[in-house]
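Chemist: Chain by chain, the residues:
Protein chains: 4
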Amino acid sequence: MAEREHTITVVPRYCETDQAGVVHHSVYPIWFEMGRTEWLRAAGVAYSQLENEGVYFVVFQLTIKYHRPAYYDEPLDLTTTCTKVSSARVEHAYRLCRRPTGLLLAEGATVLACVDAAGRPRRVPDFLHETP
Amino acid sequence: MAEREHTITVVPRYCETDQAGVVHHSVYPIWFEMGRTEWLRAAGVAYSQLENEGVYFVVFQLTIKYHRPAYYDEPLDLTTTCTKVSSARVEHAYRLCRRPTGLLLAEGATVLACVDAAGRPRRVPDFLHETP
Amino acid sequence: MAEREHTITVVPRYCETDQAGVVHHSVYPIWFEMGRTEWLRAAGVAYSQLENEGVYFVVFQLTIKYHRPAYYDEPLDLTTTCTKVSSARVEHAYRLCRRPTGLLLAEGATVLACVDAAGRPRRVPDFLHETP
Amino acid sequence: MAEREHTITVVPRYCETDQAGVVHHSVYPIWFEMGRTEWLRAAGVAYSQLENEGVYFVVFQLTIKYHRPAYYDEPLDLTTTCTKVSSARVEHAYRLCRRPTGLLLAEGATVLACVDAAGRPRRVPDFLHETP
Numbered sequence: 001m002a003e004r005e006h007t008i009t010v011v012p013r014y015c016e017t018d019q020a021g022v023v024h025h026s027v028y029p030i031w032f033e034m035g036r037t038e039w040l041r042a043a044g045v046a047y048s049q050l051e052n053e054g055v056y057f058v059v060f061q062l063t064i065k066y067h068r069p070a071y072y073d074e075p076l077d078l079t080t081t082c083t084k085v086s087s088a089r090v091e092h093a094y095r096l097c098r099r100p101t102g103l104l105l106a107e108g109a110t111v112l113a114c115v116d117a118a119g120r121p122r123r124v125p126d127f128l129h130e131t132p
Numbered sequence: 001m002a003e004r005e006h007t008i009t010v011v012p013r014y015c016e017t018d019q020a021g022v023v024h025h026s027v028y029p030i031w032f033e034m035g036r037t038e039w040l041r042a043a044g045v046a047y048s049q050l051e052n053e054g055v056y057f058v059v060f061q062l063t064i065k066y067h068r069p070a071y072y073d074e075p076l077d078l079t080t081t082c083t084k085v086s087s088a089r090v091e092h093a094y095r096l097c098r099r100p101t102g103l104l105l106a107e108g109a110t111v112l113a114c115v116d117a118a119g120r121p122r123r124v125p126d127f128l129h130e131t132p
Numbered sequence: 001m002a003e004r005e006h007t008i009t010v011v012p013r014y015c016e017t018d019q020a021g022v023v024h025h026s027v028y029p030i031w032f033e034m035g036r037t038e039w040l041r042a043a044g045v046a047y048s049q050l051e052n053e054g055v056y057f058v059v060f061q062l063t064i065k066y067h068r069p070a071y072y073d074e075p076l077d078l079t080t081t082c083t084k085v086s087s088a089r090v091e092h093a094y095r096l097c098r099r100p101t102g103l104l105l106a107e108g109a110t111v112l113a114c115v116d117a118a119g120r121p122r123r124v125p126d127f128l129h130e131t132p
Numbered sequence: 001m002a003e004r005e006h007t008i009t010v011v012p013r014y015c016e017t018d019q020a021g022v023v024h025h026s027v028y029p030i031w032f033e034m035g036r037t038e039w040l041r042a043a044g045v046a047y048s049q050l051e052n053e054g055v056y057f058v059v060f061q062l063t064i065k066y067h068r069p070a071y072y073d074e075p076l077d078l079t080t081t082c083t084k085v086s087s088a089r090v091e092h093a094y095r096l097c098r099r100p101t102g103l104l105l106a107e108g109a110t111v112l113a114c115v116d117a118a119g120r121p122r123r124v125p126d127f128l129h130e131t132p
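Chains as they are written, first to last, in the working numbering: chain A, 1 to 132; chain B, 1 to 132; chain C, 1 to 132; chain D, 1 to 132.
Bear in mind the hints are in silico, worked out from the structure with no lab data behind them.
Do not take every clue at face value.
Same chains, same label: a pair holds when it works inside one copy or across any pair of copies.
As the list claims (entries may be wrong) - EDC-like mimics (lysine to aspartate or glutamate), calculated; alpha carbons at most 20 Å apart, straight line:
| id | residue 1 | residue 2 |
| --- | --- | --- |
| 1 | K84 | E107 |
| 2 | K84 | E38 |
| 3 | K65 | E107 |
| 4 | K65 | E91 |
| 5 | K65 | D77 |
With the hints as constraints, model all of the structure from the sequences given.
Modeler: Below you can see the structure in the form of structure tokens.
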């Protein structure tokens with residue numbers, strides 16, 4: 001099975017801030033997706049390769065708790081953890097922290113459904129399933 | 001108190017689609033914010049006016065369930081319901097439906113915290129509180 | 001030929017602002033695309049219908065002059081004018097104005113190339129060509 | 001004066017693609033801004049620091065030529081060149097290339113105006129001016 005946990009750095013872009021002077025809350029799902037992508041790549045597979053093979057993951061459920069604002073151009077550590085793999089779904093949890101201090105800024109979770117090119121449910125690829 | 005429920009139309013923009021041919025899941029929080037804004041305006045207050053008076057609402061929690069994909073340029077009905085107002089927070093629920101059929105595409109919920117310009121908690125303005 | 005000129009209203013979304021307190025400059029191309037889409041619809045054709053028929057327009061050139069900032073939630077008039085149609089390309093010009101005063105905020109221009117689903121050049125559909 | 005030229009890598013995010021299967025054209029100005037930011041940082045100054053000192057750069061003019069599409073998750077080299085510094089403005093040129101081959105995908109140019117926190121024109125900081 002893929003490594004359970006993977007951390008990437010994200011640096012808020014200027015256009016990701018809003019007039020309240022903080023990163024807009026709609027940006028976090030984009031970062032989470034980036035975290036999942038790199039978690040998958042660390043497991044040896046690029047998502048683009050999965051798509052080429054007709055395997056798509058669609059977000060079925062998303063939850064975010066925003067504890068503290070994130071600011072323009074500050075380096076953040078985003079840790080993505082795979083929390084569950086079933087025959088049809090993959091679940092992840094996310095922790096976004098300010099880098100120098102490790103202060104928790106936000107937490108999240110997603111449930112992905114595995115579908116084919118036509119959007120029909122299909123089995124999660126074997127390499128993502130837990131093995132002893 | 002403000003009207004409990006308000007419906008707006010949103011039409012997915014081309015740039016809001018992704019290469020899977022559907023609206024990207026990070027767009028829904030933006031639409032929900034638009035729904036809240038118009039719900040508030042229907043209650044007689046523009047959010048920009050609140051900000052001018054030093055009243056800010058920040059998203060503290062967000063949940064979305066994606067049932068079916070939304071497509072480019074199809075008119076959608078987004079219904080925003082205020083589900084709870086406390087001294088420090090305002091909660092909303094959202095239902096996104098395909099217009100001609102009323103088919104439910106997604107559901108969501110947010111919890112907003114009321115803060116001042118410095119980000120410190122402050123009391124939710126009186127006009128948002130329930131009155132008999 | 002299609003009507004030369006078409007005006008729509010755009011209202012800046014909160015997430016379209018940045019921490020300088022104005023609409024981020026990367027949003028204007030999105031609005032211009034919306035202007036083109038409605039210009040096309042006013043001419044009787046939805047862009048989604050063209051795509052279904054294998055006709056795609058891709059942006060080949062974009063120019064924008066930003067004269068004055070646009071602000072959150074202010075209604076803006078965006079006028080899209082078709083300035084030229086050739087066998088392979090369609091050109092538009094854009095004027096973005098503050099509604100109550102008509103003050104010019106930005107001007108732009110695009111050159112679109114007509115391609116098929118595989119990205120190969122194809123002839124601009126007849127209905128877009130000028131007729132006497 | 002700052003180094004004339006600086007190259008960064010950008011990797012298209014999934015949400016930056018559209019249903020035509022390519023990166024949406026409105027994303028390029030965002031990448032150009034990232035290129036300028038890193039060009040500035042390579043010159044020893046973070047843009048956030050400039051803002052703290054009351055120095056803002058606003059985009060006054062933008063031009064982009066899109067030669068070939070960019071695709072999801074492919075590494076791109078973006079080279080930002082400072083082409084002119086005057087008392088009130090700074091100009092840059094951009095070249096976006098596919099990494100393995102160096103194939104040119106897009107070219108662009110921006111003219112920035114230097115303003116203070118109130119949006120009034122101010123002199124471009126000395127460190128950006130050419131010195132023999």
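Chemist: Each hint needs a verdict: does it hold in this structure or not?
Modeler: Verification of the hints:
In this assembly of identical chains, K84 and E107 lie within 20 Å of each other by CA distance solely inside one copy; the values are 17 Å within and 23 Å between copies. For the homomeric pair K84 and E38, the shortest alpha-carbon distance inside one copy (17 Å) is at most 20 Å, but the shortest distance between copies (38 Å) is not. Taking CA atoms no more than 20 Å apart as the test, K65 paired with E107 passes in both settings, with 5 Å inside one copy and 17 Å between copies. Proximity of K65 and E91 under a CA criterion of 20 Å is satisfied in both settings, with 17 Å inside one chain copy and 14 Å between copies.
In this assembly of identical chains, the alpha carbons of K65 and D77 lie at most 20 Å apart only when taken from the same copy (16 Å versus 26 Å across copies).
The structure is consistent with each of the numbered hints, conforming to all of them.
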